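S.K.: Each chain, written out:
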Amino acid sequence: MAKQSNEAFFWMLFSAGGVVAAMLIPVQLFLFGVAIPLGWVQAPSYEHLVSLLRMPLVRIYLFVFCSLPLFHWAHRFRFTLYDGLQVKHLNEVIFTLCYGGAIAGSAVAGYLLWSAP
Amino acid sequence: MSTSTLQPPKKPSGYKPFHPRWYRPRVSVYWWLGEWHYLKFILREISSVFVAWFVVETLLLVNALRQGPAAYEHYLKLMQNPLILVLNVVSLFFVVFHTITWFNLAPSAMPVRFGGKRVPDFLVAAPSYIAWIVVSVGVAWLLLR
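Taken in sequence, the protein lines are chains A and B.
The first sequence runs 1 to 117 under this note's numbering.
The second sequence runs 1 to 145 under this note's numbering.
Chain B on its own, in the form it takes in the complex (with noise of 0.2 Å):
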């Protein structure tokens, strides 16, 4: 055998001798189908999609009252489309849930201290569930009165 058979074979550019191996297994396109806890997290940042299909809709309301009454009719008729009622009845369920998911990840970004102990989880989200209520009334009324 001679010694040349020794060298270390030919690698890619980039390989050094006594180079350790990556550990990296494979992880499946599907890996947030398995367990409820991704799945959630993968449905909540899917909520902006309906989040941005909610501006888009906010635009051709305001595209529609830039043209007249005709448009705006025509804009309230097509809300009434039944596969965007439906699509608009999904995306209030995941804008709601978008909400929620918000409000209470607060507590675990800061955590509020009082008297040495952590105020309860809840008593921090609190604020902003009643902030969303006191604000989703004030624009229902400027719009509906």
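Pulled out of the complex, with its shape left as it was, chain A reads as follows (with noise of 0.2 Å):
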């Protein structure tokens, strides 16, 4: 388990992440997994996305909508482990998989984003 003083920190991670994904992700999720699919709306052109993906302040939004709920999936998934499976003896390699996991996602997001043209 952490230091008790590094639980701030993480569970302000948890907390920014939460807001992101409450305001942010049912919308994405809702036009790209749901309706593009099903066919109720247009799918959005190619051209459309990359003029989108060209702008840097799409870049930083991409960067905080991938890498905030990351690491508030890492706080609520450890607890999760911990409280509804008991498994407190594996405290950290839970800790050590759920952050390394956040830090990991976040790391392909930043290089995915960097290097896209």
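Please keep in mind that the hints were generated in silico from the structure rather than gathered at the bench.
Small disclaimer: the values here were computed from a predicted structure and weren't measured.
Coverage of chain A stretches by chain B, computed from C-beta distances (three or more under 8 Å per stretch; other residues unrestricted):
1. 20-31
2. 34-41
3. 52-64
4. 68-75
5. 79-93
6. 104-115
All C-beta atoms, glycine included, are put in the ideal place defined by N, C-alpha and C.
Combine the two chains into a complex, taking the hints into account.
M.R.: Quick look at the structure:
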């Protein structure tokens, strides 16, 4: 388990990620995950999305959109495993996997967005 | 009877005489299944898995856009896969559940007082919902225009 003094920092990431996820994921998930595949809405053209992706502000947006919710996931998933499954003896392993996953995901997001044309 | 038998029996290290015995009833691993309130708590926590899943899908989209129009077509096809479609519908339910529980938490986390009276919870939560609608419409407009 992390030292008590670090907990506030991780909680802040969790909370910021919770806001980002609550505000932004439903609309994008609805569009790309449900409405477009079912043909309710026409898919945006490749050119349009690439022109959006060329804007630095959109890249920053997407990085925040990916990174913070991953830390949100890491916090919640960690405590779900602790309390839900009562695997407290695996604390260190779970902590490393959850936050390691969040850091790795953020790194992938950073790389993809940085190197996008 | 010799005096030695009156000595406290050997205990594992850390034991002290007169140390209180803990009362720790064993809780079942399925403690959260019995009651709706607990189940709701676990479902809310599980919603984070679907949040992470959508981040993965977003990264797939960004990667497809980097690779070109053919990769983007492939991504759109992938999202039509029935299994992924069902997973996304389930994800949408969970993520909206997260949104609602998250916004409704605000009045409990920071009760607002006005004129000595506590402002009703729904009024404290209302700005979040309004912001949610505005942001959602804005994002949809940017993507689909």
